Structures are given as structure tokens and as C-alpha cells.
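*Asks:* If you want the building blocks of each chain, they are given just below.
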Amino acid sequence: MDWDFIGKTFWRLMAALPLTLEVWLFSVVLGGLIAAGVVWMRVSGSKPLAVLARGYVAIFRGTPLLIQLFLVYYGLASIPAVRHSLFWPILREPFYCGVLALGLCTAGYQSEIFRGALLAVPHGAIEAAKACGMSGLTMFRRIIFPIALRHALPAYSTEMISMVKATALVSLITLWDVMSVALKIRNDTLVTYLPLILAGAIYFTVNYILGAAFLSLERRLSPHLRARPS
Amino acid sequence: MILASADGVDTLRIFGFGEGGWGLALLMGAGMTLAVSAIGLLIGAAIGSLVAWSRLSGHRLAGAAGETYAAIFRGLPELLVVYFVYFGSSTLLTGAASLVGYNGFVGVPAFVAGALAVGVISGSYQAEVFRAAYLAIARGELEAAVSVGMDRWLMFRRIIAPQVLRFALPGLGNLWQVALKDSSLISVTGLAELMRVSQVGASSTHQPFAFYLGGLVLYLVMTLATTRLFDMAEARATRGMRRIAG
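These protein sequence lines map, in sequence, to chains G and X.
Each residue of the first sequence is one higher than the one before, counting from 1 in my numbering.
Each residue of the second sequence is one higher than the one before, counting from 1 in my numbering.
There could be a bad hint or two in this list.
Examples of chain G residues toward chain X, derived with CB under 8 Å [stated by the list, open to error]:
id : residue
1  : G62
2  : P64
3  : I67
4  : F70
5  : K165
6  : N207
7  : Y208
8  : I209
Here are the simulated SDA-like cross-link-like pairs (lysine to any residue), alpha carbons at most 20 Å apart as the crow flies [unchecked claim]:
id : chain 1 : residue 1 : chain 2 : residue 2
9  : G       : K184      : X       : V188
10 : G       : K184      : X       : T189
11 : G       : K184      : X       : F87
12 : G       : K184      : X       : G190
13 : G       : K8        : G       : P18
Since the hints were made in silico from the structure, they are not lab data.
Because the structure is a prediction, the values reported are computed rather than measured.
From the three backbone atoms N, C-alpha and C, an ideal C-beta is built for every residue, glycine too.
Please model the entire structure based on the sequences and the hints provided.
*Replies:* As C-alpha cells, this is what we get:
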């Protein structure tokens, strides 16, 4: 075992972790915002808006992220109108293209999680809030959001983890994330597995920490479901 | 049409079946996607039922091994698993070949490596689907089977397998969609499935938008159509069951 090489490879991979985490964070936040809009359209009561929202979810959940990413990065850039538009400074950067594609995709999944959580709010709770004379916003803040949040958390944590895994795709649009650095080291040194194993260990650890964090949040938010101390 | 390119190339001809048309290549790519995903799902079913069985067996070591397998492959990026299986299976095969006296690199066909990668990933999820399905079988049915004197194999064939399949069907339908989408990652190994064909078409005609959009539409058609198939299968499998709500 060449510990020196292992150490060097590990730290080179770790140096790429911030980029992976940045892509993850930005796309998850962007996706959350879009998802909120999509859910609002879906439950707005307007039929055309609901159809649009359904179409959005079907398209982004029904096709591979890789082709969505390439459509944004290579496809949009090939359209002259896009190259002359206001958005070109953003769309020519692989980083923003990656964030945009990942964000659009996760929005499809997140919106379904949000919708399921909203539907799980008991009707009686909403009636009671109305009977007390709460306004729409107060009712959302005090009743709907806290209940829906607890319902959404388990599925949401799964989605957050699968987004960490999805960030590896940005290695295919010239970004230097953990995945692409591992492949580069593999190409340069001809050491086949070690860079991939170390990269895998890093991804696994990040996902493990993320999963544990969500689990503890879940536990903290639902003390009423815990067994009574005997 | 937005697809009409600046240099005046006719988009209809690009997607057509005539000379210079990519229609047939794209359809064959879609066929390859379906094939590699389906084989991958079957490999995943074999792995998944093995892992589920290891966890249900009550054997501590086997259970821990199954759990570790599932945890690892769900925690790794799918793309990394694809690379790993692709490189790894060739190394294994080269090693095996040198045992029988052949010295030299033996590459695993991209189709085999791809189906294996999809299967390895799918198996880690299918394990949970099968485990939950088994646990959903009413205990009394198993007791009844034992009490009428069925041996284990007969009980598995007549009582367990049909019900596990029925309960697992909705979960398997979801995992089929996941396999279909994961199969696009195999394009990095050069297998001519839909993603790869779209890439080749995009770069050789300089029309990436048209090709990736076309590929996307084909993927969407495949997921929507096969989802319907799974829905129909589910309706058929549960036709004898009482249900709570539509």
C-alpha cells in the first residue's frame, strides 16, 4: 500500500468537494423555489395551471437527468437567440447550467413531495383554524406548514441524498467536481480503482452525514411520537 | 419552428428515415435502452431477492452483509457505479482469462457491463421492495401452508412467490422507471443506447438542441407507455382483492 499516494489522492479529491457541495446546495434551493411554484399551480384550483404543473412533473421525472443536463448545456447554447439574449452570461457557464438542470429536475420530485405533505394535513385542522378566524397566511404559518413539514421530511431527505449523487453528472459538462477529479487522477496515474474507491467513500460519507442530520431533525420535530421514558 | 436551425438544415429530414435521417438510429437506440434496462431490472431482481432473503433469514452475518450491500450502493452516485462496474468487470474477466492461459486484456461488452451496473444499483433498492412485500404476507397463510404439509419449496412456489410479486409490483414499477433513466448513464461506456445515439447525432449534425429534445421526447414516451403497462399489470394482479379505495 502506497500511503503517500493514497493521502495525496484523497486530498486532491477533497479539494473538489466544495464544488460538488455548491452545485448541490444551489440546485436544491433553486429546485425548492420552483417546486413551491409548481405545487401552488397544482393546488390553485385553476385547471390550466394544474395541467401545466402535471406536465412539468411528468417531463422532469419521466426523463433522465443526463439528457436534461445536455439539453440545457449543449442544446440551449446552440440556439443563436439564446446566445444573443440577456441570459447568455449565465448559460455559457457550465456551473450555472449544471445548477439550472439539476434544479429543474429536482423541482419535479420536490413538488410531488410537497404536494403529498399538503394532502396529509388533516381537514379538521384547517377547519378549526378557519373557525378561530385565522387568515390564510397565519393558517399556513401556524397550522399547514408545521404539519406538512413533518410529513415531508422522510421523503425529502431521500431526495436530498439522491441530489448529492446526481451532482456527479456535472463531471460530464467539464466541471471539476469530485467525480471528474477521480477520473482525471485515474487517467493520469493509470491506477484503476483507488481514485474511484476514495471518491465513493467521500460521497458515501457526505450522504451518511446528510441522512443522519435529517433523521435527528425528524426526531426533534416529533417528540410527541417518541416512546415515553419509563 | 424553433427546431429549424440557422443554417437552414431541414429538421424533418434529420429525424426522418430517409438518406441522412436519424430516425432509425434513434429508434434502435431506444430499443437498446429498453433492452439494457430490462436485463438490468432482471439482474436487479436476482440480486434484490438474494439480499432480501439474507435479511429475512435471521442469519446475523448474512443479514449484515445484505444490509451493507444495500447501504453502499444506495449511497454512491450511479455514475460512479457505472464506471466501477465497467472497469471492474473487465479486470475480473482479464484475470479469469489469464487463469485459463490467455494473457492479454479481455474487455467485457458494454451491453453486459451496462446491464450489470443498472442491475447492481436496482438490486439495492429492490431488496427493500421484496422484503416489504414478503412481510406483507399474512402470517396465517404461511402457518396454513405448513399445517397442510407443504414443504418449503412448494410453499415458496404456491404461497410466497405469487403474493410477493403482487405486493412488489407497484415498487417494481417505480424501479423500472429508475432503471430506464439510469441506463442513460451507460452512454459513457459507448453503448449505442438512446442517450449515446442522441450525443452522436448532436455532434455530427451540429444540432444538439434538436437531438437532445428528440431523445428526451423518446424517453418520455417510453416511461409513460411502460408506466401504463405496469398499471395494467397491477390491476390484473390485484383483480381478486378487495380494496379500500379506487
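*Asks:* Now look at each hint and say whether the structure bears it out.
*Replies:* How the hints compare with the structure:
1. Here the hint on G62(G) is kept, as its CB sits about 4 Å from the closest CB of chain X, short of 8 Å.
2. This hint holds: P64(G) has a C-beta 4 Å from the nearest C-beta of chain X, less than the 8 Å allowed.
3. With a least beta-carbon distance of about 5 Å to chain X, the hint placing I67(G) at the interface is held under the 8 Å criterion.
4. Because the closest C-beta pair between F70(G) and chain X is about 5 Å apart, less than 8 Å, the hint holds.
5. The beta carbon of K165(G) comes within 4 Å of a beta carbon in chain X, closer than 8 Å, and the hint placing it at the interface holds.
6. Annotation: N207(G) was flagged as interfacial toward chain X, and the flag holds, the nearest CB pair being 5 Å apart, inside 8 Å.
7. Interface restraint check: Y208(G) against chain X, minimum CB-CB distance 7 Å, threshold 8 Å, status holds.
8. Violation of the interface hint for I209(G) is found here, the shortest Cβ-Cβ separation to chain X being roughly 11 Å, above the 8 Å cut-off.
9. This hinted pair checks out: K184(G) and V188(X) have alpha carbons roughly 15 Å apart, not beyond 20 Å.
10. Straight-line distance between C-alpha atoms of K184(G) and T189(X) comes to about 16 Å, which keeps the hinted pair within the 20 Å bound.
11. Annotation: proposed proximity of K184(G) to F87(X) holds, straight-line Cα distance about 15 Å (limit 20 Å).
12. Straight-line distance between C-alpha atoms of K184(G) and G190(X) comes to about 18 Å, which keeps the hinted pair within the 20 Å bound.
13. At most 20 Å may separate the alpha-carbon atoms for a hinted pair to count; K8(G) and P18(G) meet this at roughly 17 Å.
Of the numbered hints listed earlier, the single one contradicted by the structure is hint 8.
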